[in-house]
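Just add 1 to wherever you are in the sequence shown, counting from 1, and you've got the working numbering.
Derived by calculation from the structure, the hints in this document are not laboratory data.
Just so you know, not all the hints are guaranteed correct.
Derived BS3-like pairs: lysine-lysine, alpha-carbon spacing no greater than 27 angstroms straight-line [what the hints assert, rightly or not]:
#, residue 1, residue 2
1, K382, K368
2, K211, K368
3, K330, K382
4, K211, K382
5, K330, K368
Label-pair distances were calculated between CB atoms; the ranges are [what the hints assert, rightly or not]:
#, residue 1, residue 2, range
6, R85, T326, 40 to 48 angstroms
7, V25, T326, 27 to 35 angstroms
8, Q374, D137, 54 to 62 angstroms
9, P367, T326, 35 to 43 angstroms
10, Q209, R85, 39 to 47 angstroms
11, L90, A174, 15 to 23 angstroms
Note that beta-carbon positions come from the ideal geometry of N, C-alpha and C, so glycine has one too.
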Amino acid sequence: MAKTDSTGSTWRYRWAHRQNVRRVSTYRGAEAAWRRRADELRRLRALAADFQGSAAAGAGLPLELAVDEVVLWVLPAAQLIEVRHTTVLPAPDLTIARPAGPLRPRRPDGVRVTDAGTAVITSRRLVLLGGRGRRDWAYGRMTGLAHDPAAPVTLIQVLDRRHTSGLLLPVDAAADFRFKLTLAFADAIEQRAAVLAQLDELIAEHAQLKPFRPAAATPGQARLSSFVPGGRRTLAVAAAIALLVPAALIESDPSDPAEVAVAATPAPTASGTPSPKRPATPGLALKPPSPKPTTSTRPSPSTTPRGPRCGAPENPLGYDFCGGTRIRKPAAEVCDWFDCVPQFWAGRGYLVQCRDGSVSLAGGQPKACADHQGVRRTVAK
2 MAKTDSTGST WRYRWAHRQN VRRVSTYRGA EAAWRRRADE LRRLRALAAD
52 FQGSAAAGAG LPLELAVDEV VLWVLPAAQL IEVRHTTVLP APDLTIARPA
102 GPLRPRRPDG VRVTDAGTAV ITSRRLVLLG GRGRRDWAYG RMTGLAHDPA
152 APVTLIQVLD RRHTSGLLLP VDAAADFRFK LTLAFADAIE QRAAVLAQLD
202 ELIAEHAQLK PFRPAAATPG QARLSSFVPG GRRTLAVAAA IALLVPAALI
252 ESDPSDPAEV AVAATPAPTA SGTPSPKRPA TPGLALKPPS PKPTTSTRPS
302 PSTTPRGPRC GAPENPLGYD FCGGTRIRKP AAEVCDWFDC VPQFWAGRGY
352 LVQCRDGSVS LAGGQPKACA DHQGVRRTVA K
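Kindly produce the complete structure, drawing on both the sequences and the hints.
Below, the structure written as structure tokens:
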């Protein structure tokens with residue numbers, strides 16, 4: 002027996018079930034991504050606090066250490082690369098940037114491999130112990146440092162070399178190498194505390210982006226427009242087409258009455274009597290309507306590609322928490338994708354998210370989200 006709601010409507014129950022399945026699936030995916038990033042930030046924080054080396058770590062390496070120099074990390078598989086053209090790299094800094102995407106095991110254009118060996122990070126320099134010799138990059142002489150966002154390549158410029166060089170690393174070791182090189186450089190300029198403070202700030206900011214568990218949809222929230230794929234937007238497009246077609250027919254060129262009359266009048270014969278009437282052929286009597294230019298329709302928001310939503314639930318409206326234009330007139334189906342507060346449409350402001358995860362249209366008002374723990378952030382487009 003099919004389940005129904007209190008009104009006896011089976012389709013409303015099915016709509017609520019589909020909405021809840023979609024909301025839970027979206028929430029679980031967002032929470033898993035958020036948790037992975039949180040774990041990674043905590044791991045980096047612990048590594049930055051305990052990152053230390055020793056002279057014994059370099060035992061067996063063909064490397065002479067200075068009196069106060071210690072080995073911090075050793076990577077046995079690295080390739081020495083050189084840039085064919087002169088480039089200007091940004092100055093070394095202590096910024097810990099979030100990875101833009103997965104690195105690909107490729108060598109960028111204009112870069113050639115000249116040697117391979119073991120990369121060693123010490124407290125005073127980066128060293129490559131290659132088969133053809135040794136290459137050193139002292140932190141005190143570095144003038145430029147850049148990490149390729151798409152390839153596991155790190156380029157370095159120093160004062161005593163004309164050409165830019167660097168390392169091509171294994172993909173799975175590139176992220177740790179970059180972070181540990183940042184820590185070593187921070188120690189060299191006595192700025193380890195700045196790196197720790199930056200990580201603490203990133204952890205606090207990420208905690209604010211934790212996704213909220215969505216509220217359950219009820220059968221009473223279903224609307225008849227949910228029967229149509231695309232909802233109210235599809236109905237609006239269909240209504241516009243229904244209005245345009247009659248208008249196009251009215252504006253089309255009418256048939257020429259003179260041609261119709263000539264085709265319908267019998268021609269006289271040689272005896273002066275009119276010839277028998279023949280039915281006029283519609284294809285010869287009527288002039289075909291002139292073609293009208295077609296107007297292109299704009300793509301719906303569901304087909305417009307969007308980037309990361311900064312914690313906002315997946316939706317075809319293009320709404321996110323990344324900052325941008327405030328939304329004062331949200332789409333009619335906004336409550337299908339966001340958890341709206343009671344009396345949502347009575348709000349007189351812009352769209353905001355409350356601290357309990359619901360959204361309100363009272364942004365900018367003194368008592369916005371007063372019953373929902375206050376305003377958390379603005380919903381933008």
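Note to self: Can you tell me whether the CB distance of V25 to T326 sits inside 27 to 35 angstroms?
What the structure shows: holds (30 angstroms)
Next item on the list: Verify the proposed pairing of K382 with K368, using a straight-line Cα cut of 27 angstroms.
Entry: holds (23 angstroms)
Notebook entry, point to check: That 15 to 23 angstroms hint for L90 and A174 (C-beta), does it hold up?
Noted result: holds (22 angstroms)
Notebook entry, point to check: Do the Cβ positions of Q374 and D137 conform to the proposed distance bound of 54 to 62 angstroms?
Noted result: With Cβ atoms ~56 angstroms apart, the hint holds.
Next item on the list: Would you mind confirming whether the straight-line C-alpha gap from K330 to K368 stays at or under 27 angstroms?
Entry: Answer holds: K330 to K368 is near 19 angstroms, not above 27 angstroms.
Next item on the list: Take the C-alpha atoms of K330 and K382, compute the straight-line distance between them, and say whether it is at most 27 angstroms.
Entry: holds (11 angstroms)
Next item on the list: Could you see if the CB distance from R85 to T326 stays within 40 to 48 angstroms?
Entry: Taking Cβ atoms as reference, R85 and T326 lie about 45 angstroms apart, which means the hint holds.
Note to self: Would the hint linking K211 and K382 be met if the CA-CA limit is 27 angstroms?
What the structure shows: holds (20 angstroms)
Margin query: A range of 39 to 47 angstroms was offered for this pair. Does it hold for the Cβ distance of Q209 and R85?
Written below: holds (45 angstroms)
Notebook entry, point to check: Quick one, are K211 and K368 close enough, alpha carbons at most 27 angstroms?
Noted result: holds (24 angstroms)
Checklist line | Consistency of beta-carbon spacing, T326 to P367, with hint 35 to 43 angstroms | finding: violated (23 angstroms)
Going through the hint list in order, the structure does not satisfy hint 9, though it satisfies all others.
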